[in-house]
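For chain A, the structure is supplied; the task is to place chains B, C and D on it using the hints.
Given next are the chains, with one letter for each unit.
There are 4 protein chains.
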Amino acid sequence: MSCRSLLQASRYIYPSTRSCAFPSKRAVCLRFGARSMEGQKKVAMEVVKGKEEAAADVSLKQLSKKLDDFAQERDWEKHHSPRNLLLALVGEVGELSELFMWKGEVPRGLPGWDEAEKEHLGEELSDVLLYLVRLSDMCGVDLGDAALKKIVKNAVKYPAPSKSA
Amino acid sequence: MSCRSLLQASRYIYPSTRSCAFPSKRAVCLRFGARSMEGQKKVAMEVVKGKEEAAADVSLKQLSKKLDDFAQERDWEKHHSPRNLLLALVGEVGELSELFMWKGEVPRGLPGWDEAEKEHLGEELSDVLLYLVRLSDMCGVDLGDAALKKIVKNAVKYPAPSKSA
Amino acid sequence: MSCRSLLQASRYIYPSTRSCAFPSKRAVCLRFGARSMEGQKKVAMEVVKGKEEAAADVSLKQLSKKLDDFAQERDWEKHHSPRNLLLALVGEVGELSELFMWKGEVPRGLPGWDEAEKEHLGEELSDVLLYLVRLSDMCGVDLGDAALKKIVKNAVKYPAPSKSA
Amino acid sequence: MSCRSLLQASRYIYPSTRSCAFPSKRAVCLRFGARSMEGQKKVAMEVVKGKEEAAADVSLKQLSKKLDDFAQERDWEKHHSPRNLLLALVGEVGELSELFMWKGEVPRGLPGWDEAEKEHLGEELSDVLLYLVRLSDMCGVDLGDAALKKIVKNAVKYPAPSKSA
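Chains as they are written, first to last, in UniProt numbering: chain A, 1 to 165; chain B, 1 to 165; chain C, 1 to 165; chain D, 1 to 165.
Any given hint could turn out to be false.
Because identical chains share one entry, a pair is satisfied inside a single copy or across any pair of copies.
DSSO-like mimics (lysine-lysine), calculated; alpha carbons at most 30 Å apart, straight line [to be verified]:
| id | residue 1 | residue 2 |
| --- | --- | --- |
| 1 | K65 | K103 |
| 2 | K78 | K65 |
| 3 | K157 | K103 |
| 4 | K103 | K153 |
| 5 | K149 | K61 |
| 6 | K65 | K157 |
| 7 | K149 | K103 |
| 8 | K65 | K153 |
| 9 | K157 | K78 |
| 10 | K65 | K118 |
| 11 | K157 | K118 |
Quick caveat, the hints were computed from the structure, so don't treat them as lab data.
All of these numbers come straight from a predicted model, not from anything done at the bench.
One chain only, chain A, in its complex shape (with noise of 0.2 Å):
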């Protein structure tokens, strides 16, 4: 991993690495050249407490925006047609089915499931999770919004019976 993969890497864990974290790419990589300890153990004590911070409680648009730099950093707009970035989301639920083929139903909780497995389930949800963000972007559609009238609509379809006795 290069000290600029990493550096771009830590922009999206948390919004402000340009500005707060480090005084200057070229600053870091210096730091990373002189393979110094104290300045990895900060990048990665940085990046990991942005991480916590971050999964406190991770919003949509939060999402939306990473997802929105990292296609222009890469010029990769043009590929991101609804139609294409739907397809993408049609083979990441393939990806995320692969997982649970062969297993016969599985608990809650995935008791048997050991941390390697747990971590690629959560990169396939992720996936799919992201290319959702991108394509309800890309469409014009307020997710967030979207999903929370969504279930107001639910509930007035399906009401709860009362609690009463």
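Chains B, C and D alone, transformed into the frame defined by chain A:
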């Protein structure tokens, strides 16, 4: 739409319904029973206000919490095994695909689509999201955290070209 | 069901409808117009007979031909671009999944399903097949040939354990 | 590729391998062991010939039979519950979608695709078909019969415009 449905529905828009917006379920029903226009308007306004606040930036944990309440209140948890939810997700991806299937290539922003089609699209995108969030929860995966990690992993895998000249 | 529909429909069961079963479209319509019981019974019997013959062993090329005629007669070829058909296929896989989504593990042979459910299942399985056959055709792929090759490839990849003792 | 694999593989192309093409498994292996060019050529030619015969018009029952043999010989029947097969099918639809995802609209006949891509496509289309056939069998559905019925139902639902002037 019964007043109970509306009350329940409104809870899915902002969490604190019970404690602040409505003093009691009975009070709201009476108000509606009396066809109080102010009462109805007030509910409608609060629903809209709540929705706008929430739509500002919906988080995955918010959705997760709402879906958990939703399932508990309907005693639907017994149906929410991982593979049941996965197949429900596949079903929704199918419905999403049906919106795009006979259209040929669709430009970004869906210029030719009318409002009803866009709203329908928002619902199908939401259905995929809601089952994805629920599936993640039932698997014990923190989807927001996993998504951030995946973006980082992608950024390392596909480093952006440097922009220096 | 109009007599024209029935006539057209019967052509999809056995190919030689026009030349042998019905002397002319008009003759059949007249027969139905006269509510001739024998006529109706005869059509029904021939449909059933045709179906049974065909069901004996339906080939992929047979399906391919029927779908081609079907599209041509309705001027639907213009809609059948590969990605349109692929998304239609995904839609059908979604509908297929919905039949299984809240059932938990389902034993072989579907012991608990009633006839209506099984018939519905047959329709959804068929929809997937028909779009798959059509998609293959529109891509210029001989699906039957490809499937045989793939079975061979799988057999080489996963050799069966020898049965000698 | 071991000679056993090739022998087994060839059985999936034409059913009568054991009785006519090879006098005995051992004989074939010996022949290959001796690196007999004629032996190898003969197998290859018969494989090709068998493939061509079969490809003339592959039936669903043929595929069904081959898949049944395949599963039995590998003792894979225990994995082939309906929902396992359904998720495997979804996985394959995902892989199929991946072939089309970044391409924008694709014209009929795939003019720009090279041979390797088309062959890959044939494999993914086949994988979907094979799981679909197997799933139908494990559900007790006669897929060929169901498909014919569905075409008839579609023809009734969407009657072709009459061609008279």
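Practice prompt. Against the structure, test the hints numbered earlier, and report the numbers of the ones violated in rising order.
Written response: none
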